[in-house]
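Undergrad: One letter stands for each residue in the lines below.
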Amino acid sequence: MSSAETTKPQSFFEKNHLLLRRLHSLTGIVPIGVFLIAHLVTNSSILWGKVGMRQAGHDMTMVQGGVTYFQKEVQWINEQVPHLLLIEIILWTALAYHSILGFYYARTGRTNVTSYAYQSNWRYTLQRISGYIGILFIIYHIGTLRWGWTFLVPGGATWSHEFAASTLALALRGGEDFTAAGVAVSLFYLICVSLLVFHFANGLWTAAITWGLTISQSAQKRWGYVCAGLGAGLMLAAWSAVVGFATLSPAQARDFEKKYHEKYGGPAAVEKLGKPATGPSMNPSTSAVRESVPVQGQ
Amino acid sequence: MSSTTPTAPSVAPKPGTRTIRIRVKRCEGPGKPERWEEFTLQVSAGDGTNVIAALQRIAAKPVTVEGKNTIPVAWDSGCLEEVCGACTMVVNGKVRQSCSALMDTIAPNEGDVVTLEPMSKFPVIRDLVVDRSRVFHNLKRVKAWVPVDGTYDLGAGPKESPETQETRYVLSTCMSCGCCLEACPQFTKQENPETWDSAFLGAHAISQARLFNMHGTGKQLEKERLEALAGPGGVDDCGNAQNCVKVCPKRIPLTESIGAMGRAVTIHAVKKLFTLR
Chain D
1 MSSAETTKPQ SFFEKNHLLL RRLHSLTGIV PIGVFLIAHL VTNSSILWGK
51 VGMRQAGHDM TMVQGGVTYF QKEVQWINEQ VPHLLLIEII LWTALAYHSI
101 LGFYYARTGR TNVTSYAYQS NWRYTLQRIS GYIGILFIIY HIGTLRWGWT
151 FLVPGGATWS HEFAASTLAL ALRGGEDFTA AGVAVSLFYL ICVSLLVFHF
201 ANGLWTAAIT WGLTISQSAQ KRWGYVCAGL GAGLMLAAWS AVVGFATLSP
251 AQARDFEKKY HEKYGGPAAV EKLGKPATGP SMNPSTSAVR ESVPVQGQ
Chain Z
1 MSSTTPTAPS VAPKPGTRTI RIRVKRCEGP GKPERWEEFT LQVSAGDGTN
51 VIAALQRIAA KPVTVEGKNT IPVAWDSGCL EEVCGACTMV VNGKVRQSCS
101 ALMDTIAPNE GDVVTLEPMS KFPVIRDLVV DRSRVFHNLK RVKAWVPVDG
151 TYDLGAGPKE SPETQETRYV LSTCMSCGCC LEACPQFTKQ ENPETWDSAF
201 LGAHAISQAR LFNMHGTGKQ LEKERLEALA GPGGVDDCGN AQNCVKVCPK
251 RIPLTESIGA MGRAVTIHAV KKLFTLR
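Line order of the protein sequences matches chains D and Z.
Counting from 1, position 247 in the first sequence corresponds to residue 247 in our numbering; the numbering is continuous, with no gaps.
Counting from 1, position 77 in the second sequence corresponds to residue 77 in our numbering; the numbering is continuous, with no gaps.
Bound conformation, chain D alone (with noise of 0.2 Å):
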């Protein structure tokens, strides 16, 4: 009860208490938002990619558009975006430094929506809910789409970045055609995302208050309309791409992804595509097709 500063020798934690708090309210919002950011939008335009490929997309439906468009950008990714690796070491640093220290901060705390049932006490416990299945979402989504953790997926579909779009429908569905544990995993997929951009909404919101950038009531509340309106945008992208892949014939998506590599890619992803078994027949009308779709970036 006396001073204990100078008797009791302070932990590490201890020492270096505000720096801790303060990186993890800094992580959340770079590197790991602005990657939500950047990983929604891009993979938002499933649905929007026709829009997106301008004069490019003007004789492709919005699907073919979105599958071409898709696979423009992760080819971009990965082929064209430089220290993509360090990107990803940066990442997962900071991933798991916010969601261990998340994790145990939230454990510090005792939810009490029940007697106070206010809107922001409410987003205090969905803010801890939302983070704990938050992780357990990206390590699924990451150990099942790119460490290959199959025995995950309904019907084991392997995510490919040269086919990007009909392998994620394929996860997603759980086959060529919806079955009910693609169902699922669809589902498990719209709630985890929004779970996602929820706190991540949320948390700039609180991050705000914990730097001292809105002290006022109305600063705060000014800022959690921009806050709000960030995390509806988002929101809709999400929504857009978990819509959008479960919606998505993967046999379709797979003949457009084919007329792109026809066009742009290397003969490397055609033959990768090679086994027509379980792939569909070839559009007739691919040369038409081919003429009609000018080379990006040129």
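FYI, nobody ran anything at the bench for these hints, they're computed from the structure.
Distance condition first, Cα-Cα at most 20 Å in a straight line; then the derived SDA-like pairs of lysine to any residue:
no.: 1; chain 1: Z; residue 1: Lys246; chain 2: D; residue 2: Thr114
no.: 2; chain 1: Z; residue 1: Lys94; chain 2: D; residue 2: Gln119
no.: 3; chain 1: Z; residue 1: Lys246; chain 2: D; residue 2: Val113
no.: 4; chain 1: Z; residue 1: Lys189; chain 2: D; residue 2: Val113
Use these hints to put chain Z onto chain D, whose structure you have.
TA: Chain Z only, in chain D's frame:
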């Protein structure tokens, strides 16, 4: 108006009266088991019965609804006008001062139930009486005072601007009642006083640190207060549930104090980082 209450057989219900039930969480002392007891009470509209008056009437005749004689309920109270904080308890699931909890508001209808519990974040001494020492301990952690020892004449203090005065006035109305702490999900019960120094301070202490940092003479301890707020259990441990500001009976803008102290800690930390020591 048919009276079926077993405890008030002699008094026929007067017109305009109603029978309400008071449920009290009882505990005979630290470490003793808790139990619920229920009492009935006749009140009439406009008679001004508050929780304290109800407890006094129960104490005068401590018989439960089952007709069992019991020990009068122990409670704490002081000013009876919502400025001392002594009678703070959990009324119908929410923390507040029981002196300003009028039956006409909280139990306006026949048969309404009022539940009374002690605050859950502090050790119970008996029934509704809790030990709020930690509230004051946390004020000490942030040195929530003006450093004058009164051994010699310091002369006139520094002038205070009307703007500062306006901000500080509402902060100074804090009565350390504990409502903000009871409602806070980050302020958890600490059974062992040894953990008090590293557990979350609470909104009241953060707000008082702001009050005294804005005081002309109180400012002398600014750095020490900010160090405490930057340390374990300080302002960064706030989870921004913002229940504190909603339950504060004095309507102190506690969340603004948290934002203001967050900013002060940020600036203090950056200054410290770029200052040779």
